[in-house]
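Modelling step: build the complete structure from the supplied sequences, incorporating the hints.
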Amino acid sequence: QQPVQSPQAVILREGEDAVINCSSSKALYSVHWYRQKHGEAPVFLMILLKGGEQKGHEKISASFNEKKQQSSLYLTASQLSYSGTYFCGTEYDYGQNFVFGPGTRLSVLP
Amino acid sequence: NAGVTQTPKFQVLKTGQSMTLQCAQDMNHNSMYWYRQDPGMGLRLIYYSASEGTTDKGEVPNGYNVSRLNKREFSLRLESAAPSQTSVYFCASSQMRASGGPTDTQYFGPGTRLTVL
Numbered sequence: 003q004q005p006v007q008s009p010q011a012v013i014l015r016e017g018e019d020a021v022i023n024c025s026s027s028k029a030l031y032s033v034h035w036y037r038q039k040h041g042e043a044p045v046f047l048m049i050l051l052k053g054g055e056q057k058g059h060e061k062i063s064a065s066f067n068e069k070k071q072q073s074s075l076y077l078t079a080s081q082l083s084y085s086g087t088y089f090c091g092t093e094y095d096y097g098q099n100f101v102f103g104p105g106t107r108l109s110v111l112p
Numbered sequence: 636n637a638g639v640t641q642t643p644k645f646q647v648l649k650t651g652q653s654m655t656l657q658c659a660q661d662m663n664h665n666s667m668y669w670y671r672q673d674p675g676m677g678l679r680l681i682y683y684s685a686s687e688g689t690t691d692k693g694e695v696p697n698g699y700n701v702s703r704l705n706k707r708e709f710s711l712r713l714e715s716a717a718p719s720q721t722s723v724y725f726c727a728s729s730q731m732r733a734s735g736g737p738t739d740t741q742y743f744g745p746g747t748r749l750t751v752l
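Residue numbers (our numbering), protein chains in the order written: chain A, 3 to 112; chain B, 636 to 752.
Keep in mind that a hint or two might mislead.
[Unchecked claim] As a list, the in silico DSS-like pairs of lysine-lysine whose alpha-carbon atoms are at most 30 Å apart:
| no. | chain 1 | residue 1 | chain 2 | residue 2 |
| --- | --- | --- | --- | --- |
| 1 | B | LYS692 | A | LYS39 |
| 2 | B | LYS692 | B | LYS644 |
| 3 | B | LYS706 | A | LYS28 |
| 4 | B | LYS706 | A | LYS39 |
| 5 | A | LYS52 | A | LYS28 |
| 6 | A | LYS61 | A | LYS39 |
| 7 | A | LYS52 | A | LYS39 |
| 8 | B | LYS649 | B | LYS692 |
| 9 | A | LYS70 | A | LYS52 |
| 10 | B | LYS644 | B | LYS706 |
| 11 | B | LYS644 | A | LYS70 |
| 12 | A | LYS52 | B | LYS649 |
| 13 | A | LYS69 | A | LYS52 |
| 14 | B | LYS692 | B | LYS706 |
| 15 | A | LYS28 | A | LYS69 |
[Said to hold, decoys possible] Covered by chain B, per the in silico footprint, the following chain A stretches (three or more residues, Cβ under 8 Å):
| no. | stretch |
| --- | --- |
| 16 | 37-47 |
| 17 | 99-107 |
Don't read these hints as lab results, they were simulated from the structure. No experiment lies behind these values; they were computed from the predicted model shown. We put the CB at the ideal spot given by N, CA and C, even for glycine.
This is how it looks when you write it as structure tokens:
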């Protein structure tokens, strides 16, 4: 069952912040975030496990809210290099198939 | 290290033709995957191989077959191509999942852009 991502697309100016959400109707075991630049392969950003964990990678961080069955990706002071499509991938239980969401297209303008 | 390589990069087929997409990884990973990517649909799993000698169906396996030739190589075959199989195909690999742990980081190849006329 594919997770839901919102928004579908967002346009920012350099330096602005953005939040991308990934939600599920089922209890989540883990959430993975990937970024794909146009014409390239997806690249791993981070993994979060159930337990309300929050992780960060420079100015990109994420949280995992078990009660809401949702993960949010936070992009702070966005840079031009942040442009791309962000995918969350979810597992609903240990051993279940990993499923990617439909993606959120992020465009950062100068 | 080349990481994950895929051949060919582009391919145009006519309906009914067959072809094999090749994938190889040099990271000594146990698990390998084939995805297709269509606009607005994200990445959908076609088949995966958790370890050498095993293969399993993913979300959209119809019309495809796979072969895990050895630990390095995982091929995807279209026996009779259809226009609905026009897509970008990505191969990925990862370490074997640790017991009790989440699916490990997946490393993707550059993709094959396939058009079926």
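Evaluation of the provided hints:
Among the hinted pairs, B/LYS692 with A/LYS39 is consistent with the structure: their alpha-carbon atoms are about 28 Å apart, no more than 30 Å. Of the supplied pair hints, the one linking B/LYS692 and B/LYS644 holds, its CA atoms being roughly 24 Å apart against a limit of 30 Å. Distance restraint check for B/LYS706 and A/LYS28: the Cα-Cα separation of roughly 34 Å exceeds the 30 Å cut-off, and the hinted pair is therefore not satisfied. Among the hinted pairs, B/LYS706 with A/LYS39 is consistent with the structure: their alpha-carbon atoms are about 29 Å apart, no more than 30 Å.
For the hint pairing A/LYS52 with A/LYS28, the CA-to-CA distance comes to about 13 Å; that is within 30 Å, so the pair holds. This hinted pair checks out: A/LYS61 and A/LYS39 have alpha carbons roughly 18 Å apart, not beyond 30 Å. With a CA separation close to 28 Å, the supplied pair A/LYS52 and A/LYS39 stays within the 30 Å bound. For a cut-off of 30 Å, the pair hint linking B/LYS649 to B/LYS692 stands: about 25 Å separates their Cα positions.
Note on A/LYS70 and A/LYS52: the hinted pairing holds, with a Cα-Cα distance of about 11 Å set against a maximum of 30 Å. Among the hinted pairs, B/LYS644 with B/LYS706 is consistent with the structure: their alpha-carbon atoms are about 22 Å apart, no more than 30 Å. The suggested pairing of B/LYS644 with A/LYS70 is violated, with an alpha-carbon distance near 41 Å, which exceeds 30 Å. For the hint linking A/LYS52 to B/LYS649, the alpha-carbon distance of about 46 Å lies beyond 30 Å, and the restraint is violated.
Distance hint between A/LYS69 and A/LYS52 is fulfilled; the C-alpha atoms sit about 10 Å from each other, no more than 30 Å. For the hint linking B/LYS692 to B/LYS706, the alpha-carbon distance of about 18 Å falls within 30 Å, and the restraint holds. Only pairs whose Cα atoms come within 30 Å are accepted, and A/LYS28 paired with A/LYS69 is accepted, the gap being roughly 11 Å. Using a Cβ-Cβ cut-off of 8 Å, 5 residues of the stretch 37-47 of chain A lie near chain B, which meets the minimum of three, so the contact claim holds.
For the stretch 99-107 of chain A, the proposed coverage by chain B is satisfied: 7 residues have a C-beta within less than 8 Å of a C-beta in that chain, meeting the threshold of three.
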